[in-house]
Structure formats: structure tokens, C-alpha cells
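Participant: Listed below, chain by chain, are the residues.
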Amino acid sequence: MEEKIRELGERFEAELAAANESSRLEALRVEFLGKQGHVTLLSQQMRDVPKEQKPVIGAALNELRQRIVKKLEQKVAELEKAAEAARYAGFDVTLPGVPRRRGSLHPLTQLLLRAVGVFRRIGFALAAGPEIETEFHCFDALNTPPDHPARNELDTFYLPDGRLLRTHTSSVQIRVMERQPPPVRVIAPGPAYRRDEIDATHLAQFHQLEGLCVGRDVSVADLKGTIEFFLREMFGPEVECRFRPHFFPFTEPSFEIDIRSPELGDRWMEMAGCGMVHPAVFEAVCRSRDDRLYDPDVVTGFAFGFGLDRLAMNLLGVPDIRMFVENDVRFLHQFL
Amino acid sequence: MKISYEWLSTFLSEKISEEALAELLTRVGLTVEGRTQLGCSDANVVVAQILDSQKHPNADRLSVCSVEDGSGQLRQIVCGAKNYRVGDKVPLALPGASLPCGMKIKAGNLRGVRSEGMLCSATELGLPGGGEGLLILPGDAPVGRPLRDYLPADVVMEVEVTPNRPDCLSHVGIAREISIFLDKKLVYQTPCQPRIARGTGAAVLEPGSGCVFYTVRRIRGVRVGASPMWLRRRLEAVGLRPINNVVDVTNYVLMELGQPLHAFDAGKVAGAIRVRQARAGEKLLALNGETYELLPEDTVIADEGGVLALGGVIGGEGSGVSEGTTEVLLESALFCSAMIRATSRRLGVMTDSSYRFERGVDPQGVLAASARATELILGLAGGEAEEVVVVEGEIPSAPSAIRLRHGRARSLLGMGIKDEEIQGYLGRICERVGGGFGETVWQPPTWRMDLREEVDLCEELCRLVGVERIGGRVVAESAGASRSDGLFDYGVEIRNRLVGFGFSEIKTSSLVSEAEAVLYEPGYRRVELVRLRNPLGEEHAYLRPSLLAGLLRVAQANAHAGAKGLAFFEIGTTYGGEPEELLTLGLVASGAMGERHWKVGEAGSYGFYEVRGVLEAIFDHRLRFLPQEEVRWPFVVAAGLELDGRRCGVVAILAPSFCKERDLVGEVVFAEVGLEWVAEGVLGRRRKFEPYGRFPLVQRDLAVVVEEGVKYSTIESTIWGVGETLLRRVEVFDVFRDASGQRLGAGKKSVAMRLTFGSVERTLKAEEVEESLGRIRRALAETLKATFRDPQSP
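Going down the list, the protein sequences come from chains A and B. For what it's worth, this note's numbering labels the leading residue of the first sequence as 231, then goes sequentially. For what it's worth, this note's numbering labels the leading residue of the second sequence as 2, then goes sequentially.
Incorrect hints may appear among the rest.
[As the list claims (entries may be wrong)] Partner residues aside, some chain B positions facing chain A, computed with beta carbon under 8 Å:
{"#": "1", "residue": "A339"}
{"#": "2", "residue": "D457"}
{"#": "3", "residue": "V475"}
{"#": "4", "residue": "F489"}
{"#": "5", "residue": "I495"}
{"#": "6", "residue": "G501"}
{"#": "7", "residue": "I507"}
{"#": "8", "residue": "N535"}
{"#": "9", "residue": "Y576"}
{"#": "10", "residue": "M594"}
{"#": "11", "residue": "V761"}
{"#": "12", "residue": "L765"}
[To be verified] Anything over 12 Å on all C-beta distances counts as not near chain A; from chain B, calculated:
{"#": "13", "residue": "G88"}
{"#": "14", "residue": "I137"}
{"#": "15", "residue": "V389"}
{"#": "16", "residue": "T447"}
{"#": "17", "residue": "G492"}
{"#": "18", "residue": "E571"}
{"#": "19", "residue": "V601"}
{"#": "20", "residue": "R688"}
{"#": "21", "residue": "R695"}
{"#": "22", "residue": "R776"}
In case anyone wonders, no lab produced these hints; they're calculated from the structure. C-beta: ideal position from N, C-alpha, C; glycine also.
One chain only, chain A, in its complex shape:
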């Protein structure tokens, strides 16, 4: 009996080795383990085995059955792996993928996102105001007298009702101070309009980023530090900033900010206007609010305005401002 078990084991091994298809393995399973299979039939002969040998023979038979099951499983898995490998042999990973079209953010939006991120890191919140503005918010409150050249119809777009399209985002300064008490730390991005003939560096509508900070003891040092921080974050640590004394009716002292860096061609480029909020602006706000919360003897502040289009032109090396509004995909998709 033991001999038979051993022979059957050897026979299985031989047949298994010859089998190389899964159907053949199934046949083997039936042939050995099925109801009429060799192992089953051999098991039936247990009846004739003397009682004292039964545990040994039984164990041997059981071991044989288990071995066959296990070997069959192993072989099935082997064949499956081989089949998979054959199926994927020669798969060409170098062919291009199925294209997923992604759009793009407008370069001005991308720039604005960076700029807003920088100012948010030093505690500026966003603010907004209307583009169709009153003369009060755009000029009077900003210490710009009625006969100031900027206010004439050659430079400013007017509506039939006497209101105008804001010529700068500085009007948001007034809107914010009317709305909330000091301290103020806000930035306000948005379009502004000037009656400029359109050319490679001018559009009638352009984009500005305004900033206003008002509180106790806000000084030129704060203005400088803030602007320098922003420019270094935007243009890199090697950028040089220059504060050039200038004149704006609504700030005093006023400056224009130039930057220079090897990356930008190593020449001074005008980036923004800024200055300390003029006391007359605070007085106008006080009158408008009908309180003294913005008393210029109590609070001081700084304001700045960046031209985003110009900033983007310089950062991206765009030669013509009109490209930003032409929106050719060959332009837009360069800035994915």
C-alpha cells in the first residue's frame, strides 16, 4: 500500500511536469482527485489495511492528496503568471498617453495670485470698491483739486451722470476707510481706466494692485520695509529697490519705486507709486464718516499702487501689453 502511494505520487509529479496548459491541470485534478480519481480509488482500499497500519497509511494518503492540491495550485499560478507576462511582453511604454487637455490661468491672474499671497503672509486682507466711481472718491477725497489736469475729459472717462471710471484703485482707500475704523491693512486689486491712446505699453483699461495701511505710528520705514519685502519675494533676493521722491496729491512724502536686477536687464524700471497718506485725505475721510477716528494727528498710514500689467511684462518678458488682452492661445498656453 505504501508502495502504491509513493508510485502514485511519482506518477503525478511526472504528469504535472508535462502539463503546460490550465485545461490539462484541471484534467489532472479530476484524474487524481476526482470521484473516480486515483487517489480516491486508493483511499477506498483503506478498508483492507490492517488496523495497526491504518494511521500511517492514512496519513500518507492525506499527505499525498494535500501535496497534489498544493502542487496543482502552484502550477496554476505559474501558468497564469507566464501567460500574463506573455500578454504584456513588448508593451510599448514610449507611445504617447491619452491627452487630457488642461486650460491655463491668465498670466495676470497668476501674477496676482503670487502678489496676493505675499501680502497675505504679512497680514493684508483683500478689499474692493466700484469701478464706476464718484468724483469724490476718485479725486476730491484724494486731495486732487477740481482743476487738476488728471480730472479733465482728455484723461478721464466720464459717464453722462457725472460719475467716472476710476483712474486708479486709490479710490478703494477712501471706500475702505469710510467702511471700517482703523487700523487698516488691505490690498485691492482691480482694473482702472485712463483715456490713453492704445499702444505697446498703454491700454485704456489696466490692472492695479492698491495697498493701504493705517494705524498709530505707521511710518516711511514701514512703507519701505513692506515694499522691499514684496519686491524681494516677487523678483528674488538680489533685486535692488530705489525709492525716488515723487509727487502724488494724496500722499506725502511720495515716491516712485524702481527696481533693478540682472535678470531684468540690469536697468532701473519703474514699478509703483507709493507714499504716506496725506493728512488732507484723512480729513476728507473724517468729514465723510462724520467722526474723528482718522484724525491725522492720531493715525498715519502708507499707500501704494502697483501696475500689474507692467509688472507682468517685466517678469515674463512680454514685449507688448496688448498681448494680455488678445488672448492668443499660443500666448496663454506658455504660462500653464
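With chain A held as given, fit chain B onto it using these hints.
Facilitator: Only chain B this time, still in chain A's reference frame:
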């Protein structure tokens, strides 16, 4: 303003290089915007005299000149110019010279004749007033000397003078500013001023004329002629054309001191000079050849015969100084800036004079300028000045003194500057007239009309100290998010989602043409078109009520450029109506959604349902799409968008005929949403966990046959209307129409849907799902007369 480096330098006590000057001016706030080299500084360009000129043997257009160059030997030069005579003195560039125009001079043969240098034109030497031919030098030019000794080279700087600093609109003004910064003395000697005479009757100043202070001085026996070289050169350097010695002097003093002057030919003035308002209908033929019609708000200088000049703006052709003039009336006056500005604007004439009066002229400089000009005229044109200056009106009083709190200055500037330092700096500009503990009182000079209050002195201090001495300080403070922050972030989120779906962001102008403005009237909000009162042109006359026009413009341009598959969006303001400004999202899509691929084949195209899918996804399925019965051109299909019961936008198919005109092929879909409104529902929204079913879901398909006119939304709302609590989801998977009419019947359609049932509490029993489905079927049958295409019809 143009300034001459050479001229300016004469007022500085110390030589300062042109480079350093430009740098300093910019640092002071007088930005140098450009620099031009004038004349030649090369020692190899010398004064030569032409002693002989012969025709070139081999060239008709050339001559061969013998010139004296100071060496004692004659030099042979081949020359192409024709404008000289033998004996003329001209500039000669010797071999080795390099000229401002970039030319390097070498000796050589021209058409076989030796030429040892080049005779130069003004243009070749970088001098203004060029023209054709050689620069003929005056007879006093010293032969053999370098030209630069006779005609020094100069640099012209274009300086930006801000409107608050009219005192810097002159060479002396700028030199004064430089001297203050260098803490040096200004080199300028004010000439002695003559006695003044009032009420002589020679000049009458009418009240309300717009002139505050008027002076006139008579100079007899002048000989009008050309100005000397030095004067002509300085005028040309700053961009003025020399005319004659008297007129040139008035311009010269204007550029030197900033006080506009005018010289009348006394022979053409009848009777007394009257300074008055113009009378309606009066006209003036001005020196620029234009005739101006005047109004009472214009200030005129008149005589018995009528208007002589437009006061402070421009002189008249009839009374100007010319060759034959022998007697001059020299006017120096102070005109009201607002009136000058109004006149200059209205008539569209801006002169060096009006520019300065508009900004403000030093009242104390009026008589000084008159004296200076008199001195120059007498020197250049001879004659004799009347002993007295006729004066009418009053010099405005000096500005008041300003108190400066030193603590205030320190805290505004953010620097610890000492009291003595403050006084030292301000003392260079103002006169100290008082003070106390921690404060000083200052009297600004009459030309500094911009110094009126404390902050003005702080600014002066900041400029003088130099902003570079103030250390930057960054204070970061907490800043709570505002509504604007929320809206901004929501806009960014929507942008990023659209970019993920293949849309590219564009930005277009808010200003559109009338045709673009009326292209489409948003039905979701009340719009009133806004037209600008003074547009730049009809192309940009209106504020856009919708983003459609801009999107189409960009789509069309890109289609023309060959782009395949257009998918653009813009987030920007639309205008007019209620609200007046609305942050709006617009998008347009057409053509292939992607590229052709070797495995997948052609990508699908954008159509209505593709765009609707994008809108559903980016707005988290919060929008409802309502059928719009009345569809107006240029749309052929339109759906209203609704959010929480409020109309907030539109999605539409553009009419193919409309698109064809714009070379857009295939279905073009447009959508527009009031982004601000959608954001309102999202800002500050807090998401809360909702339990989801852990029990299996049961799905049943249902094919509903209804009349063609029944909208899907009606079917779906009918299903939901039954109120089945176990129903979780309704999805359409097929819409079928039978053209033959055999399987569905004419005018019918079949809408196949998958209904999903489930419970968060338990596994559903088959019977309860069937019962629920049965109720739904009955409701559809009753309300919509629906039949069903599966065997289980009720």
C-alpha cells in the same frame, strides 16, 4: 523739461560730472528720463578755413578743398557739400577723430583723390538745427583750435518736473535744488532792479482781468538781429528755435529763471497797454499762425486797436518784435493759474509760458526777470532802457510760516533724526522764524509755493536726509478674512476647476462697441447700457453688459489663428442696471475637446450637454437649468440658470448662422453666471458629515414613453414628486426617438432611466422596491400619460 548740462553748470559752485548730476537729480525727485550728447568733445575736430575749392576730377558731386587747419600746411579734403564759400570757417575732423554720429575718420582716397579728414555738418557733430551741408562757423571762430573750445560739447537732459515743483522749471531753479542737496552756494547774481513807477497811465490793469501783477519796461533804440552763437546754442539745446536777439532773450530768461516774458514792438502798440478780459467775439492771430476766438474768461493784453496778445499764453503776430523793430516793450507779469489753464485747455495751445503760469511762478521773480532780460537786450541789441519799470497790481503776499513738531517728523519718517540735524537740513531751504521745545517755525521762500503745512516740511526732510537712510521695517499683523477675501478665493477655486476641465482664462476690455453692447441682453438681470460721455472711439464707447462679446472676439481670433477646439472663460465685471457692477463668469466652448489619439481616436466635441456638465461640476450641481421658451437671436437654444429660486445666468447654443459670420464652425455654446451671487451661497458655508448607506443599493431600470414635448425635468420632478423615501438617485441613460414611428408611435420619445433605491438603516426587500416603483409608474402614467417600454406595464 530739457536742461543743458553746460548751462546748468554755470550756476553751480563746484564742478559735478554729468553722470553724477543725472544720478543726483533723480535721487532728489527730478527724474532724468533721457540724456542726449550735443556737439563733439573729440580734440581731433578742429576749426578750419577753406582756402580753395576745385571740382573733383572724377566725380561731379564732389569737390576738392584746400583748408587751413592751423598747422601751417594746407590740407586736402574731398567734400560733397555745396553750401560753403571759399573763406568760410567750418569744422574739420582730422584722421583719428570719432564723431557723435558714430563715424571714425581715416585718411584715404575718394575716387582717386587723397582726402585727409572730413568737413562736418551739424548733424554729424550731434548739434541741433542741422540741415544739409557743412556747419558754417561765425567769423570769430579760431582756426586750428579744437572745435570744443569754441563750441563746447553739451549734454541735454530730459528732466521730469512734478507738478508741485514749478520752481524747478528753469536752470537756476534746478541749480538751486542741486546746491541745496550738495549744501553749496548757488552761483547767481541777481541784477540790480530799477525804480518802479505806478499809475503812469502807460499800462492799465483792469480788475478781474486774470492778471495779478503787471510790469512793462520800454527799451529804445534796439538793433534787432541774430543772437550770438552761445545764446543760440543754449536755446537750441533746450529745444527752442532762435528767432532774433530780443525774442531770444525773453526765451533765454524764461529758461534761466522760469519767469515767462514777452516783448512787444512798441511801434505797433497804439496808446496805453490794457490788461483786461477778452470781449466776446474778439480774435487773435497768434505767433504760431493760428487764429483764436476769445471769450471773457481769457486774459488779453490789448491796446487801443485791440488784442495784442493772449496774456501768459501766446503773443500776437501783429505786435511781435521783428527785423524792423527799434523800440521794445518788455512785459513781465504774473497771471492767474486757473484762468491760464482754462484758456490753454479750451484753445488747445500749450506754451512754455502757459505751462509755467498754470503751475505757479515765483511772485518775487517778476521784476528780477525783467531786469535780467533788460540787461541782456542792452548787451546784445544795444539801445537804452527807460529808467523806471511801469508797474500795476500787487505782488501776492508771502506764504505763511509753518510749524514743525520734530516728534511728528520722526514718527512719520520712522527714523531718529536729531533736532540739530532737522534744523540744519531745513535751514538750507527755509528761514527759521521761531520755535520752542521740540518744534521749530519756518518761513518758506516765495518760490516754494508747495510748502504750506507741516507734512510738506516732513517731505523736504525726507528728501534731504535721503530715503535710503531710513531702514525698512516689516510688521506683520493678523488680518481676518474679509468678504473680498472670500470672493477672491472662490473666484480662484472656480478658475482652477475650469482650468482642470480644459478651459483657458482670458481677459478682455470692459469697454466695447455699441454693436457688442447690444449683442445680447442678459435675461437674468436688469440691464441699462452705460455709454461713456467721452469715449476714445466708438469701438470702446460702452461698458459691457455681458462677457459674450469679448469671449467671441477671442474665440474668433484664435479660430483664425488655426486653434482647434476653443474653450475659454473670463471672470470679470459686467456693468449697468441692477446691480451696477457684477462679478461675472462667462465661458464659450466649441470644437474638439481634446487631441486625436492613436488608441482612443478622435476626442469628442463640445456641445450643450458637455458645457452643462462642466457647469454642474464646477458649481457642485447647485444650479438648476430651466427651459427658456422665448429664445432670442443670436441664440437658438437657451436655458436659464437658477440658484435657490433666483435667476443667476444662462447657457445657450449660438445660432449657426451667427457663428458662420464669425468663421466659427460646429456648435458654439456660451454660458454666463453671476459669480458673485453663486459665491454668496458658498462663502462661510460649513460642511457637515452625512451618514451614507452601508447597506446594498437596489437598481431598477425604467423606460418611459412620453410625448416629444414633455421635458426631462418634468419626468424627473414627477418621479421625485411621488415622495418615495427609499429613492436615492435618478439617472438617464438613453433617450430614444423612433423616426419610423413603428416602435414608439409618432411624436413620442422614450427616456430610459436607472432608479437607485437604498436605505441607511437596512437591506431593502424586493417587494418594497417593486411597490415603490409601482407608485412611480402610476404617477407617471397619470400625470404625463406615460407608457412603459418594459414588460411590466401597470
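Participant: Evaluate each hint against the coordinates.
Facilitator: Hints, verified against the model:
1. A339: With Cβ-Cβ at 6 Å, under 8 Å, it holds.
2. D457: Cβ of D457 (chain B) sits 7 Å from chain A, so the hint holds.
3. V475: 4 Å, holds
4. F489: At 5 Å from the nearest chain A Cβ, F489 (chain B) passes the 8 Å test, so the hint holds.
5. I495: At 11 Å from the nearest chain A Cβ, I495 (chain B) fails the 8 Å test, so the hint is violated.
6. G501: G501 (chain B) check passes; min Cβ-Cβ to chain A is 7 Å, inside 8 Å.
7. I507: Holds, about 4 Å.
8. N535: It holds, given that the least Cβ distance between N535 (chain B) and chain A is near 5 Å, below 8 Å.
9. Y576: 7 Å, holds
10. M594: At 7 Å from the nearest chain A Cβ, M594 (chain B) passes the 8 Å test, so the hint holds.
11. V761: 36 Å, violated
12. L765: 38 Å, violated
13. G88: 49 Å, holds
14. I137: The claim holds: I137 (chain B) sits with its nearest Cβ about 40 Å from chain A, beyond 12 Å.
15. V389: 36 Å, holds
16. T447: 20 Å, holds
17. G492: For G492 (chain B), whose nearest Cβ neighbour in chain A is about 9 Å away, the distance does not exceed 12 Å, so it is violated.
18. E571: With a cut-off of 12 Å, E571 (chain B) comes too close to chain A, as the shortest Cβ separation is near 8 Å.
19. V601: It is violated; V601 (chain B) is separated from chain A by about 5 Å at its closest Cβ, not greater than 12 Å.
20. R688: Given that every Cβ of chain A is farther than 12 Å from that of R688 (chain B), nearest at about 23 Å, it holds.
21. R695: Holds, since 34 Å exceeds 12 Å.
22. R776: 44 Å, holds
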